[in-house]
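Chains as they are written, first to last, in the working numbering: chain B, 1 to 624; chain F, 1 to 320.
Certain hints may be false.
[As the list claims (entries may be wrong)] Footprint (simulated), chain F over chain B, 3 or more residues, beta carbon under 8 angstroms:
1) 318 to 324
2) 404 to 411
3) 571 to 581
[To be verified] Here are a few chain F residues that sit away from chain B, every Cβ distance over 12 angstroms (derived from the structure):
4) 7
5) 12
6) 46
7) 126
8) 317
Keep in mind the hints are simulated off the structure, nothing from the lab.
Source: prediction; values computed, not measured.
Glycine included, every Cβ here is placed at the ideal spot set by N, Cα and C.
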Amino acid sequence: MMDLLNLGRSGVLAFQRALNTTGENVANADTPGYVRRKAILATQPAGRGGPLERFAGASGVRFDALVRDVDALKAHAARTASGDQARFGARLDWLERLDSLNTSADVSGRVGAFFNAGTDLAAAPTSRAARTLFLAAADDAAAAFAGHGETLAALDSDIRAEAALSARRVNDLAGALVLVNEQLRRGDPGDASAAGLLDNRDSLLRDLAGEVRIGITEGPRGVVDVTLGSGPAAVALVPATGNSSRIGVAPDGLTVLLNPEFNPTPLRLPASGRLAGLLEASADIGKARAALDNAAAGFAGLVNDWHGRGIDANGAPGTALFAVQSVATTVGKANIGRAPIDVVLADGSVPDVSGYRLIAEAGGFTLARGDGTASVTGPGPLLLDGLTVTIGSGSAAGDQWTLAPLNGARGLSLRPLLPDQVAAAERWQIDAPTSNEARSLPTIFDDAAALALPGGDITPPPWRITVIAGGLAEIRDPTGVTLLATVPADGSLIEGPGLRFTLPASSAAGDMFRIAPTPADSQDNRRAIELGRLRLQPGPNGTIEAELAADSAGIGARVADTRRLEAAAATLKEDTARANDAVSGVDLEFEAAELTRLQAAYRANAQVLGVARDLFDQILGLTR
Amino acid sequence: MIPPVSSRSGHDAAVRRLTDLSRQLADVQQQISTGRKVVKAGDDPIAFARAAALKRADVAASGQRRAMDAAQSRLSASEVALTGIADITARAKELALAGRNATLNAGDRAVLASEVQELLSAALGLAETRGADGEALFAGAGTPPAYGTDGAGLAAWAGLGAPPLVAVTGRVLEAGITGPEAFGETAALDPLLPPPDPLLPPPPRTRNLFDSLAHLAASLTDPREAFRDAGMDEAIGAIDGHIDRLAGAQAVLGTRGARLDAEAERLDKTQLQFKTEISKLEDTDLAAAIAQLDRLGVILDAAQASFARVSRLSLWDDIR
Numbered sequence: 001m002m003d004l005l006n007l008g009r010s011g012v013l014a015f016q017r018a019l020n021t022t023g024e025n026v027a028n029a030d031t032p033g034y035v036r037r038k039a040i041l042a043t044q045p046a047g048r049g050g051p052l053e054r055f056a057g058a059s060g061v062r063f064d065a066l067v068r069d070v071d072a073l074k075a076h077a078a079r080t081a082s083g084d085q086a087r088f089g090a091r092l093d094w095l096e097r098l099d100s101l102n103t104s105a106d107v108s109g110r111v112g113a114f115f116n117a118g119t120d121l122a123a124a125p126t127s128r129a130a131r132t133l134f135l136a137a138a139d140d141a142a143a144a145f146a147g148h149g150e151t152l153a154a155l156d157s158d159i160r161a162e163a164a165l166s167a168r169r170v171n172d173l174a175g176a177l178v179l180v181n182e183q184l185r186r187g188d189p190g191d192a193s194a195a196g197l198l199d200n201r202d203s204l205l206r207d208l209a210g211e212v213r214i215g216i217t218e219g220p221r222g223v224v225d226v227t228l229g230s231g232p233a234a235v236a237l238v239p240a241t242g243n244s245s246r247i248g249v250a251p252d253g254l255t256v257l258l259n260p261e262f263n264p265t266p267l268r269l270p271a272s273g274r275l276a277g278l279l280e281a282s283a284d285i286g287k288a289r290a291a292l293d294n295a296a297a298g299f300a301g302l303v304n305d306w307h308g309r310g311i312d313a314n315g316a317p318g319t320a321l322f323a324v325q326s327v328a329t330t331v332g333k334a335n336i337g338r339a340p341i342d343v344v345l346a347d348g349s350v351p352d353v354s355g356y357r358l359i360a361e362a363g364g365f366t367l368a369r370g371d372g373t374a375s376v377t378g379p380g381p382l383l384l385d386g387l388t389v390t391i392g393s394g395s396a397a398g399d400q401w402t403l404a405p406l407n408g409a410r411g412l413s414l415r416p417l418l419p420d421q422v423a424a425a426e427r428w429q430i431d432a433p434t435s436n437e438a439r440s441l442p443t444i445f446d447d448a449a450a451l452a453l454p455g456g457d458i459t460p461p462p463w464r465i466t467v468i469a470g471g472l473a474e475i476r477d478p479t480g481v482t483l484l485a486t487v488p489a490d491g492s493l494i495e496g497p498g499l500r501f502t503l504p505a506s507s508a509a510g511d512m513f514r515i516a517p518t519p520a521d522s523q524d525n526r527r528a529i530e531l532g533r534l535r536l537q538p539g540p541n542g543t544i545e546a547e548l549a550a551d552s553a554g555i556g557a558r559v560a561d562t563r564r565l566e567a568a569a570a571t572l573k574e575d576t577a578r579a580n581d582a583v584s585g586v587d588l589e590f591e592a593a594e595l596t597r598l599q600a601a602y603r604a605n606a607q608v609l610g611v612a613r614d615l616f617d618q619i620l621g622l623t624r
Numbered sequence: 001m002i003p004p005v006s007s008r009s010g011h012d013a014a015v016r017r018l019t020d021l022s023r024q025l026a027d028v029q030q031q032i033s034t035g036r037k038v039v040k041a042g043d044d045p046i047a048f049a050r051a052a053a054l055k056r057a058d059v060a061a062s063g064q065r066r067a068m069d070a071a072q073s074r075l076s077a078s079e080v081a082l083t084g085i086a087d088i089t090a091r092a093k094e095l096a097l098a099g100r101n102a103t104l105n106a107g108d109r110a111v112l113a114s115e116v117q118e119l120l121s122a123a124l125g126l127a128e129t130r131g132a133d134g135e136a137l138f139a140g141a142g143t144p145p146a147y148g149t150d151g152a153g154l155a156a157w158a159g160l161g162a163p164p165l166v167a168v169t170g171r172v173l174e175a176g177i178t179g180p181e182a183f184g185e186t187a188a189l190d191p192l193l194p195p196p197d198p199l200l201p202p203p204p205r206t207r208n209l210f211d212s213l214a215h216l217a218a219s220l221t222d223p224r225e226a227f228r229d230a231g232m233d234e235a236i237g238a239i240d241g242h243i244d245r246l247a248g249a250q251a252v253l254g255t256r257g258a259r260l261d262a263e264a265e266r267l268d269k270t271q272l273q274f275k276t277e278i279s280k281l282e283d284t285d286l287a288a289a290i291a292q293l294d295r296l297g298v299i300l301d302a303a304q305a306s307f308a309r310v311s312r313l314s315l316w317d318d319i320r
């Protein structure tokens, strides 16, 4: 009798707890990281069958344990897939920004516009308008390089900051896992609070795996030992007991360091997780910057060299078209004041390689070279090495600014040139009377610095060259004074200091040639035509424009590639997450069916109790 | 059998599929509204690189076309000036032949000489023809004027070098012709020769067109018959030479112009080809895009309807 009551009671209690578990599952159906709980019922151990004890044959049921419905392998697969997806997602995100910046900067197109302006200049070498437009196009090309260089530098520093944040997040998560490990070790396995802690642990692990690839070893009571990567060589991040290790990103933005603060050791991370994706994108951005700097240097070198060999509309030799250096100002992190700084680098000045430091003092400012070899002090503006530094009001004593020389794309700018200073003409004009036997003209090259004939005569052209008998020629100045009596007129090279020229082999005695410097306002356009030829001259990676376009396309290819990988990783992540969810997630339909089943069982047990009470009542009735 | 799916992930997956469809719809719509399917290198790197190369070539060809137009106008301006000078030279020859007629008296010859003088100044005027930017067409690389007067009072070429160049595929052409090429040169007198005998006509001398005309005018009015006849004969011969030279110069300019025309026609065809290819690579195929838009819309509608329908089905309705 008592047994039946006890059986009913145990059933009602056990199924009530089971119903509670189902209720909790339903309530948490949409909680991220919640793992479905399963009630495990077990047979009640039988008593000895004494008067107030259960009969040895019937034992009843008890609520044995509350378990989390997990499959460690599936959970691991889901974590890994989610880390892989996070890697490609982060990489894609940043590469798409790079791609879009590259497309909108259109450096290749603006460099092309500069060369096209060169073609227009060749078509109208004496037109002031064509010269002005040429300078405007040159300015735009320089601005394209400098502006894009600046944008990429900002992108680079943004991604480094994000990588540093990601590393910090790894450290924070590892610290939290250490705490969870401790609580797990102290707590009681199999109860509701332990299940909650394990949910907590799993969500920390999932977040951690989203940042870096981790290896997990689960110990007693769910305490975990986490390593960076897997395998015997993997570095311990969270040990089962003790403190976690710390990681950080190296200043180059490409490597991860273990113990960045006191004993930096470079780490090789497996290619998974957001941090890996960020480092990969950072490397790509670095490459894009290097390629742009390279192209800028190549472009400026080519154009400056080209322009320096010409003669401008004033009859003067061409100067460099582009300045290749400027100065970047960094505001000290500890500055109190907010004074604006204006730095101007004079045309043609070269900033010192060691950079400069500007310090605000009580009564003025000090601008010093980075290596301390020179400095100026005063209320400002300060002048040093061609730099003019103007400091606005609002500075506090002790404020500091760093001025660093800028090279590459960011340092490129158009020098302040007047339209007349565009050198569209060649240095020398060579002609000959139509009566000459020779069918070609002399050629002349000089280095524009100093020029002297082989005998040492330094009279510059104009020269009149007359071919005399015996394959020789004599050089005179326009007034008839002989500068050099005999030079070979057979096509062989005639060399003097800073000068090389040849006289055509086909010339005959009596032929005359004239070599004259290009006058001001000349309509000669051979230098401008030469720019068109240089435009098509391939470097190691094709023409400058092709190289720039190829760099853009290369980034585009990387984006497209990453997009495909990301899509694949996202599918895999979804599949593994679904497989894991099928075990650990809450399916409301399933819970509804479970509820119905448990409800029926509960009701049946309640009936058992009722029957036991009826039997009891009848027996008590017999005694009356 | 439908694999068991947790409510959350099942719901998420359905929502993700719907979002994905909406994104595709938005993409297609953007392609239709902008008319372009490749916007960034990441959209299609190969098409982007190819289109970038084609656009570069297309823009460069436009610049090239402008340069060739400028050269062409320079060439035709030179040709027009040469035609005018050729007409003048032909008239000068007529006058010279008329002046060689022994029946003319000194007054008739003076009239002829004054007309030759007029012709000379007209020819010198034409030789100073300027281009669009004020450059002297016959001065080579030099600055205006193309002709000056030397110490002996002769017309001397004041230019130097060669005319500006124009680049066409694979080579450069001179966009014009220099004064000496078109009008000849006056040979300098050898300073070592003894002074001319004043009783004999001077030996013949190579002269440029302008000096020949001046020589003709001077010979026409020379009172000494032997001198006049020798001078007239020399001038008629020289003018014949100049007529030939001018014809040759016009032919040179014509050939260069024809070369530029052919090149321009080729460039136009190439540019058309470039534009067609760029359009093929970058432009949206509207028919296909609209059909795709339609199809995606139908799929999205169906997906939304079936999602709503499926999520309404529930066992919970039956629990009491």
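Right, here's what the structure says about each hint:
| no. | hint | in the structure |
| --- | --- | --- |
| 1 | 318 to 324 | violated (count 0) |
| 2 | 404 to 411 | violated (count 0) |
| 3 | 571 to 581 | holds (count 4) |
| 4 | 7 | violated (4 angstroms) |
| 5 | 12 | violated (9 angstroms) |
| 6 | 46 | violated (8 angstroms) |
| 7 | 126 | holds (18 angstroms) |
| 8 | 317 | violated (9 angstroms) |
Comparing the model with each earlier hint shows violations of hints 1, 2, 4, 5, 6, 8; every other hint is respected.
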